[in-house]
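Keeping the supplied structure of chain G fixed, place chain H upon it in accordance with the hints.
There are 2 protein chains.
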Amino acid sequence: MTTAQYDVLGIGNAIFDILVQADDAFLAAHGMTKGSMALIDEARAIAVYRAMGPATEMSGGSAANTIVGVADFGARAAYVGKVKDDQIGQLYTHDIRAAKVAYATAPAKDGPATGCSYILVTPDGERTMNTYLGAAQDLTPADIDPAQIAAASIVYLEGYLWDPKNAKDAFVKASKIAHDNKRKVALTLSDAFCVGRYRDEFLGLMRDNTVDVIFANEAELASLYQTADFEAALAQLRKDVALGVVTRSEKGCVVADNAGVTAVPAFPVAKVTDTTGAGDLFAAGFLFGMVRGVGHHESGRLGALAAAEVIQHIGARPQTSLKALAQQHGLPV
Amino acid sequence: MTTAQYDVLGIGNAIFDILVQADDAFLAAHGMTKGSMALIDEARAIAVYRAMGPATEMSGGSAANTIVGVADFGARAAYVGKVKDDQIGQLYTHDIRAAKVAYATAPAKDGPATGCSYILVTPDGERTMNTYLGAAQDLTPADIDPAQIAAASIVYLEGYLWDPKNAKDAFVKASKIAHDNKRKVALTLSDAFCVGRYRDEFLGLMRDNTVDVIFANEAELASLYQTADFEAALAQLRKDVALGVVTRSEKGCVVADNAGVTAVPAFPVAKVTDTTGAGDLFAAGFLFGMVRGVGHHESGRLGALAAAEVIQHIGARPQTSLKALAQQHGLPV
Numbered sequence: 001m002t003t004a005q006y007d008v009l010g011i012g013n014a015i016f017d018i019l020v021q022a023d024d025a026f027l028a029a030h031g032m033t034k035g036s037m038a039l040i041d042e043a044r045a046i047a048v049y050r051a052m053g054p055a056t057e058m059s060g061g062s063a064a065n066t067i068v069g070v071a072d073f074g075a076r077a078a079y080v081g082k083v084k085d086d087q088i089g090q091l092y093t094h095d096i097r098a099a100k101v102a103y104a105t106a107p108a109k110d111g112p113a114t115g116c117s118y119i120l121v122t123p124d125g126e127r128t129m130n131t132y133l134g135a136a137q138d139l140t141p142a143d144i145d146p147a148q149i150a151a152a153s154i155v156y157l158e159g160y161l162w163d164p165k166n167a168k169d170a171f172v173k174a175s176k177i178a179h180d181n182k183r184k185v186a187l188t189l190s191d192a193f194c195v196g197r198y199r200d201e202f203l204g205l206m207r208d209n210t211v212d213v214i215f216a217n218e219a220e221l222a223s224l225y226q227t228a229d230f231e232a233a234l235a236q237l238r239k240d241v242a243l244g245v246v247t248r249s250e251k252g253c254v255v256a257d258n259a260g261v262t263a264v265p266a267f268p269v270a271k272v273t274d275t276t277g278a279g280d281l282f283a284a285g286f287l288f289g290m291v292r293g294v295g296h297h298e299s300g301r302l303g304a305l306a307a308a309e310v311i312q313h314i315g316a317r318p319q320t321s322l323k324a325l326a327q328q329h330g331l332p333v
Numbered sequence: 001m002t003t004a005q006y007d008v009l010g011i012g013n014a015i016f017d018i019l020v021q022a023d024d025a026f027l028a029a030h031g032m033t034k035g036s037m038a039l040i041d042e043a044r045a046i047a048v049y050r051a052m053g054p055a056t057e058m059s060g061g062s063a064a065n066t067i068v069g070v071a072d073f074g075a076r077a078a079y080v081g082k083v084k085d086d087q088i089g090q091l092y093t094h095d096i097r098a099a100k101v102a103y104a105t106a107p108a109k110d111g112p113a114t115g116c117s118y119i120l121v122t123p124d125g126e127r128t129m130n131t132y133l134g135a136a137q138d139l140t141p142a143d144i145d146p147a148q149i150a151a152a153s154i155v156y157l158e159g160y161l162w163d164p165k166n167a168k169d170a171f172v173k174a175s176k177i178a179h180d181n182k183r184k185v186a187l188t189l190s191d192a193f194c195v196g197r198y199r200d201e202f203l204g205l206m207r208d209n210t211v212d213v214i215f216a217n218e219a220e221l222a223s224l225y226q227t228a229d230f231e232a233a234l235a236q237l238r239k240d241v242a243l244g245v246v247t248r249s250e251k252g253c254v255v256a257d258n259a260g261v262t263a264v265p266a267f268p269v270a271k272v273t274d275t276t277g278a279g280d281l282f283a284a285g286f287l288f289g290m291v292r293g294v295g296h297h298e299s300g301r302l303g304a305l306a307a308a309e310v311i312q313h314i315g316a317r318p319q320t321s322l323k324a325l326a327q328q329h330g331l332p333v
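Here the protein sequences line up with chains G and H, keeping their order. For the first sequence, the residue numbers in the working numbering are 1 to 333. For the second sequence, the residue numbers in the working numbering are 1 to 333.
So here's chain G without its partners, still in its complex pose (with noise of 0.2 Å):
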């Protein structure tokens, strides 16, 4: 095992967001789900977006905001996503290597448009999510760069890619390089929808240690074991995974290995504006306090401050530094 040359590298769907304030009528009028990720057509996207209000745009993509928020915090990142080369794809390129992510997967020249989220935030601060693939869905193997893989400590990947064809085939390939080269690698579940979708293949992943650490919350724990019964569903998962991170809202989150639970408190928040990004912040807090090595405590804290900031506004991207924030609270960087 060499010197990594970076800490955490995120492969996963590139999504541009389109955030617009919407009502449950809103929802229910167009048949969503609140609080799901649906994938949509090229149809439908234009038809959900003719029907929504004036928005506001920024770069999103589960795994990227995660990877972002790592950056963030001060530690050295990378991503693998697919944009086309059209000017959409050019402003998620610039916001990506803006936030000093190291980005270099080669934009798609032709197919469809750079993938678009199109999400209804609710007055109580919930997001529900539809995305179009779009470019996204060409994410390959072949752009996955095996010298790239190897160089990272840790490679975080979103359960979103089991959606595209080709993308789980890179996923595999980077978890292989990954391990052949002793580094960790985690997987969100990403939706509770999404493990509906996949749920044995995820549990293999698990189970045959393709990833080993788990990051979900309690809805796709839930989906995962088909259960409610959120004690007996982190006793498998403490079985399935040798590291498992179940975030609870604002009842914080768990961290389950074998050798225990550590519970983890939310830093509360005045008021909840936009839960997009919620969960990937977290993520990145997380990944950012395994990097540094401060435990379970202290990276479930981390985790929980990148989630506080997020979802004090609009959209799924860091707007205060992190690593100040976390200076802030004492929390180490």
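A hint or two may mislead.
Said to hold, decoys possible - Here are the computed lysine-lysine pairs in the DSBU-like style, where the Cα-Cα straight-line distance is at most 35 Å:
no., chain 1, residue 1, chain 2, residue 2
1, G, K271, H, K323
2, G, K271, H, K184
3, H, K251, G, K271
4, G, K323, H, K34
Claimed, not checked - Every beta carbon over 10 Å from chain H, so not counted as near; a handful from chain G, in silico:
no., residue
5, E57
6, D86
7, D95
8, P112
9, A151
Hints are computed from structural coordinates only; laboratory data are not their basis. Ideal Cβ positions, reconstructed from N, Cα and C, are used throughout, including at glycine.
Okay, now just chain H, sitting in the frame of chain G:
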């Protein structure tokens, strides 16, 4: 004079905003004059953008922001401005139509991309704009539909239109049609440096009654009359235009006509996050008050309310219903 189909029709440079937080050192390092709008060419746009951090994108354009505000208060609004038929132009078109503004200007099929403003927001909330006009410079008199202009009670024009080479002809054409139909014409002076570029032309427009109403801030007024003596400048303004409205940041505004001068207080805000659009939204509220015929004081309060809303978040378009805000504050809607 037939019954108006629109309360306010705005004509301006259609500009997509790319907003980023930056410190004063960044402005200094890149030779930017804080608080101003600088016109930049494509090469400079590329260089500025490359140096900028991760951004938030939102539709902008001075008159367009105003018109969106007018519509948000509940008036009937239309906009004329040129984008290209590219991805950013499509985002722009969506946003203004989704704000219930009639927008029918044909997008450019070729030529430069949709215009963008690279906006640096410093910690004090001040915004510094670097604008690449792009397709906006292709607005011509052919884009002015006489029937539409004739159908608007007030035509609202931005001084920035003097920058693109053909837009001033469109401006003059629109003004003539409006006056031929007994409509009012309002002009915002836009920016103190813009006034510096076109001082004589703007004074000419006022003195030959091409415009009936002037919106300006203190710096623009000082630039127009080349004096730091506010009272002297205001006295001159009253001679030159039927109605002058001068904003004074936290000191509120003054509304001046032949009958006298009315001072109107601002709405205090806890924290100024981003002044982008402050003047634009002030004009929106004031124009809405004019449309409703509520008098100078109430119009000024509506303007102050809209300005207060927009400076408390990133971006120049309202994020809270202005109509609901006005109702909460007991202002006429």
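These are the hints, each one checked on the structure:
The straight-line distance between the Cα atoms of G:K271 and H:K323 is roughly 23 Å, inside the 35 Å bound, and the hint therefore holds. Proximity of G:K271 to H:K184 is assessed by CA-CA distance (about 44 Å); at most 35 Å being required, the pair is judged violated. At roughly 30 Å between alpha-carbon atoms, H:K251 and G:K271 fall within 35 Å of each other, so this suggested pair holds. For the suggested pair G:K323 and H:K34, the alpha carbons sit about 27 Å apart, so the restraint of at most 35 Å is met.
Consistency note on G:E57: stated as away from chain H, yet its beta-carbon is not over 10 Å from all of that chain's, at 4 Å minimum. Not every CB of chain H is more than 10 Å from the CB of G:D86 (nearest about 6 Å), against its label as outside the interface. Distance check on G:D95: its Cβ comes as close as 4 Å (rounded) to a Cβ of chain H, failing to clear the 10 Å threshold; non-interface status is violated. Distance to chain H confirms G:P112 as a non-interface residue, since its nearest Cβ pair spans about 12 Å, more than 10 Å.
Residue-level check passed: G:A151 sits 24 Å from the nearest beta carbon of chain H, beyond 10 Å.
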